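Q: Chains as they are written, first to last, in the working numbering: chain A, 4 to 525; chain B, 80 to 400.
In case anyone wonders, no lab produced these hints; they're calculated from the structure.
Check before you lean on any hint, since a few could be wrong.
[To be verified] Here are the simulated SDA-like cross-link-like pairs (lysine to any residue), alpha carbons at most 20 Å apart as the crow flies:
(1) B:288 - B:298
(2) A:387 - B:163
(3) A:209 - A:229
(4) A:387 - B:139
(5) A:317 - B:156
(6) A:317 - B:360
(7) B:246 - A:408
(8) B:246 - A:288
(9) A:387 - B:141
(10) A:317 - B:362
(11) A:317 - B:163
(12) B:246 - A:391
(13) A:271 - B:362
(14) B:246 - A:317
(15) A:93 - A:154
(16) A:346 - B:257
(17) B:112 - B:346
(18) B:246 - A:229
(19) A:317 - B:141
(20) B:246 - A:410
(21) A:387 - B:346
Note that the structure is predicted; figures quoted are calculated from it, not measured.
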Amino acid sequence: MFKKTLLASAFGAAMLTAALPQAALADNTLRMAYDADPVSLDIHEQLSGGILQLSHMVFDPLVRWTKDYQFEPRLATEWEQVDDTTLRIKLREGVKFHSGNDFTAKDVAWTIERLQRSGDFKAIFETIDSVNVVDDHTVEIVTKQPDPLLLNIATYIFPMDSEFYSGETDSGKAKDEIVKNGNSYASTHVSGTGPFKVTGRQQGVKVEFERFADYWDTESPGNVDHIVLTPINENATRVSALLSGDVDFIAPVPPNDLERVEADPDAKLVTMSGTRIILLHMNQERVEAFKDARVRQAFTYAINQEGIASRLMKGFATPAAQLSPEGYAGHNPDLTPRYDLEKAKELMAEAGYEDGFSITMMAPNNRYVNDAKIAQAVAAMLAKINVRVDLKTLPKAQYWGEYDNRAADMMLIGWHADTEDSANFFQYLTECPNAETGAGQYNAGNYCNPELDKLLEQANLELDKDKRADMLQQIEQGLYDDAAFVPLHWQDLAWASANNADIEPILNVMNFPYLGDLVIEE
Amino acid sequence: MTTSTTPSSTTPSPSTPSRWERFRDSFLLYSFKRDLVAQLSLIIFILMVGAAVLAPWLAPTNPYDLASIDLLASELPPFWIEGADPLYVMGTDAQGRDLLSTILYGMRVSLVIGFGAVLLQATIGVCFGLLAGYLGGRIDAFLMRLADIQLSFSTLMVAIVVGALFKSIFGGATYSDYAMWLLVLIIGLAEWPQYARTVRASVLAERAKEYVDAARVMGLRRRRIMFRHILPNTLSPIFVISTVQVANAIISEAALSFLGLGMPETQPSLGSLIKSGFDYLQSGSWWITLIPGLVLVVLVLVINLLGDWLRDVLNPRLYKG
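For reference, chain B alone in the conformation it holds in the complex (with noise of 0.2 Å):
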């Protein structure tokens, strides 16, 4: 660490780096300079995220625009097959929609769902991670019991059923509407336990630490001790959760849309496209299935690799010795 009177710093403020200063410094940054996997995954990840956020500017037609949908323009193959149509450079899917901007939206969907239910899952878990581990006895064993049962549903199944009740109580056409925040809201309830419990248990090993006595000592109310001395101290497992929770929210939300339970039809997502190219894979139009499986792979390949990298650089024992 750089002292106050470190004369070389270029700095305004001389007496304590600045923010960038300590990142260029950082194991992070150092680390990930020597990680070409890292390196790589980050970019394609962003050039995702990109494509994605830009959507609406970059895709050649709205897919979710019917209107737009031209069934005499069905099965058309990728450019560099014959019979391609060069205004649709990926090809198209059995109900003639353009496979590179049904992508595009159906990567939007799928990050949106992604990020929105982590947020979700990270927000709940992380609170009741706090209280049971801070606060102990009867609510620790509450909120635990409670993880349990969580737990012993499969995401899949709550989903289906909260989504069949939906469908039924609000109709289809409100489902359509808002069948993604549905989404982001099933996911991220169904899996919050995953962080209660990695939070707890780091809580618990905060807890007995000097300077959560010296705090309590001070007099500091158990909020403030909570989130501002303990949890700062929990943040590297929640990170390294998030980037796998990530990646299994976006394949939940496949694995439903594939089942025909996730978006609806109009409304194709990545797992919807990959089950409706399902019937013609092995009759000659694979691609209404393949590229859309291809990009889901990658970009849930290359979100676990950023996690695994994360991990490993986050994880103590693997640095310090």
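Looking at chain A on its own, in the form it has when it is part of the complex (with noise of 0.2 Å):
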């Protein structure tokens, strides 16, 4: 039996690097390997790190973020405040779908109004009143509030071929439908602006892009012409097939090779230090004890999260106490990770539940750096309180159905804020759930607290920024002593390279590499 799987292995690998050289023989093709490919082609389907990087390959979007946080024009060309609530934006002229149709303002329309459909992305677009289609490259897009943060979320309007994705398919389904985790049309066709076309896909297995030759932003300085991604999940078979020259380019590096990395004269390492949170869910619908804050907080006092920083991670994080990473608006300096395994096993017993109790938890398995490592650390300090759990981990692409039914008591998660903002993280992961706003879509504690909800709507509608900031803060507070998840810790982030490609000018903190603009030196 053993015999067999080495053969298949071997054959398997064997086909790999028959495949690559032959896709080399173009003349400038990026083979590039993540930890898993992106779950579906529509974008709208998914709110998350892998659809927002396919995003930026295969779509632009109105405008993007600059490696120091200034807003670069991509289909916008141009914004002005018109009142309080209305933003008049111009758009870039002569610029082509991959289908051949012409960019018009009424795609960013009709891309909005898809948003505003979209379970996952619904809570972000709330705040948008109307879009006004004012001329072919021209709208308007007025606000239900005075919004601070509205230029930030346009960094997510990724205009959609609204011709391309009108009318219905052969078996009367509408083209436009968001399925999740499910066959709709947009999920395995797709028309962006962007600078690569989908050319190949098989899920699991590759993804592959051609430079779109109609692409409007001749001055870009990317050269690449075609673009092989293969999902690879293991850490170290992913390492290897960077050390040995079988793809140009990897993400994420896990943190145990980064020195191995470092020190080949073949590969260059990028690394910066993230913003993107690690927690974990208490879901207090599953569980009863849960409800009781004096267990959650036992629960926070129980998990090192320096340990695991430190050991697992090796030292490649920040442990957090809370969701606001320093920098932003929200970060509470007072708050510090409270690591005491006594406290903990006081508060059990002063809830009740000196014996312990079991759970079940979920984790993914390559979707986080050591994300199924540090569940299984989480596990056994639970064991310590007497919690016995029982834990699966699972690829991302079967991991987020589950996370959607809440199919466990302790669910893991990351979150990056979309609006870098801090803001965005209580909304979707602290808010009371509202499946009718799409607030609290990823709080899979279901925890619920009134007051923080109405703080945070006041924040959002607060123009000073030193009464905005103290208000996020207050909530930071408060979702501290009710301890409503298990924050772990901020996760760093880490690319490598060949030589030869140049990735560091089109990386950024979001980890949105902006391939189009990457430049491969002959």
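Fit chain to chain and form the complex, with the hints in mind.
A: Here you go:
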């Protein structure tokens, strides 16, 4: 049996290497390996890093972040605030979609309307009241209230080809339908304005891209003609693939291999301290004990964030006690990790759970750096307060489906604030869940504190920066006192590439590599 | 063979030699005494089985007790490398489990699954083989086609499907509790045709011999003829396959655990230990994969060497000429 498996994997590896040189015949091919491939081609199906990375390859946003947090015009060329609630945007002219259709203002209006229908995105775009098409290349976005973050969320508006996605498929389904974890027209067909067209996709095997010949941004220095994205889940295998020259670009680089990659003369490593929080939700609807704040506190006391950051992450993460990383408006400097096993046991005894209880836990195994190992370590730490954990780790393609079903008592999630602002954390992770507004869409703990929600509402209307920061910090304090979730750490970012790929300029702390601008030296 | 009138015999019953005497004079022992490889293999095998059986007393910690694991003591090297902690002789894995204890417990799992699965395979396989070979006709055709169908599925595939079904029906917690026995069942059920075919072949040869005719003429019942007369004469090939199958079952379990489909993550076996260290193989902490890997190789190797020796001894063509 073992021989067969060995043979099969050797055969698979041989196929892989055989396939790669063939693709390399084209002038400039970037062979890259991520830990997973995008779960769908529909960029409104899921709000996740993988999907946004895909969006930046196949689509273009209205504006995007530069490295120093400035807005860089993309499909929007100019914008002005007409009044408190209206933003007028001039759109780029002469832009074509991959399908050949022209990009106009109605595509922007159509895309925002679709975003407001998407379960995952609607909370971000809830603030938008209406979109008025002024002429072919001008739109006006009207918000319900004055919104200080409207341009921030414009980085998430990737105009889609409204003509291409209109109408019905042969089986009578609307082409613009958004189906989570299912088969829809948009999940397998794609037409954007971005630098790359998708030419082939085998889920879990590879995605092939080709540079779009009519791409509008002729000033972009990017010279990559083809991209082959191969998902390699095994950390060690991914690193070996880079070091042996099978691929040119990998992410993420596991913490225990950072030194090895750095020491290799043929590879280069880029690291950044990240803003993505990794945390565990405790589902109060599934477990009665989690309704007791003392039990939740005991859990946060039992888990050694610093141990995880220093041992499992090799110092490649910052231990966290709150959602907002340093530099964010809501970061509350008074909150520090509170590992104290004795205190945890006391709290459990106080709550009447001295003998503990059993819970289920789920974590992805190819989404965040060391995610499965972190979950295992947490299970071991919880055993010390007599909590028996039945842990299941699964690939992210399956994990998010389970996450949406809230399939386990504790679930691991990492979150990067879409607007680079604290409010986004609260909106998605801790606000009382509300399917209609999309609030708390990823709040798998069903934690609900109406007072903090009210404070968040006020903060979102507050235009005075200091007052707003103060309110956001109060929310962090409230969440900390309630032990709304178990914060673990902010995960650092690492990418590595072959020496001839100049990846540094295209990387950013959002982890959206702008591959369209990547230069490969000959 | 000694006769009933041997005067030098000091045994209480002079008429027939005792079991011990028969063993002492047997070709089995004779060839064992002259085969250094077999002797060494047997010694190592006994040591390993002993260590595995006594694991709860020998192991410094219980690796399956999550509360005893300390993350801060993770990735410590074995004793001969600088930076080692004398508490952890063989070092620790990425989660801070003591490697020596985990290997001892893992070996237990491997051996229980190896022998358990083979016992199950042998029971089913021998019964089906005897029935098919002796009765022939439709029963033979049916059982052998069943074996053909079974053989066309690989053990790993069957194990993956059954394991996934069990997990989704009974939940992960129940699975963790019964994972070891489930693996015995799966590997046992998946490989019975190996036995059935060999036994059937031997039975076909034996059935035509006079002693079987004699038994039948005497009016003995079919069951008695099958189990008391024919079965003992087909035992040698069964023993030989058994050694190969034990080694196979151990490897199957390791492969399944390596793929993350065998023993749960909180109860690592040798296979899952090898997997958990895989990420660290090239980044310094090689011992997490290498030491359990070596243990697995040695365990399977000595079983195979013993099997080889047994095959040579039991093969009549090799010594009776």
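Q: The structure should be examined with respect to each hint, and the outcome stated for every one.
A: Status of the hints after comparison with the structure:
no. : hint          : verdict
1   : B:288 - B:298 : holds, 16 Å
2   : A:387 - B:163 : violated, 25 Å
3   : A:209 - A:229 : holds, 13 Å
4   : A:387 - B:139 : holds, 18 Å
5   : A:317 - B:156 : holds, 16 Å
6   : A:317 - B:360 : holds, 16 Å
7   : B:246 - A:408 : holds, 18 Å
8   : B:246 - A:288 : violated, 23 Å
9   : A:387 - B:141 : holds, 14 Å
10  : A:317 - B:362 : holds, 12 Å
11  : A:317 - B:163 : holds, 18 Å
12  : B:246 - A:391 : holds, 18 Å
13  : A:271 - B:362 : holds, 17 Å
14  : B:246 - A:317 : violated, 34 Å
15  : A:93 - A:154  : holds, 13 Å
16  : A:346 - B:257 : violated, 35 Å
17  : B:112 - B:346 : violated, 40 Å
18  : B:246 - A:229 : violated, 42 Å
19  : A:317 - B:141 : violated, 26 Å
20  : B:246 - A:410 : holds, 14 Å
21  : A:387 - B:346 : holds, 17 Å
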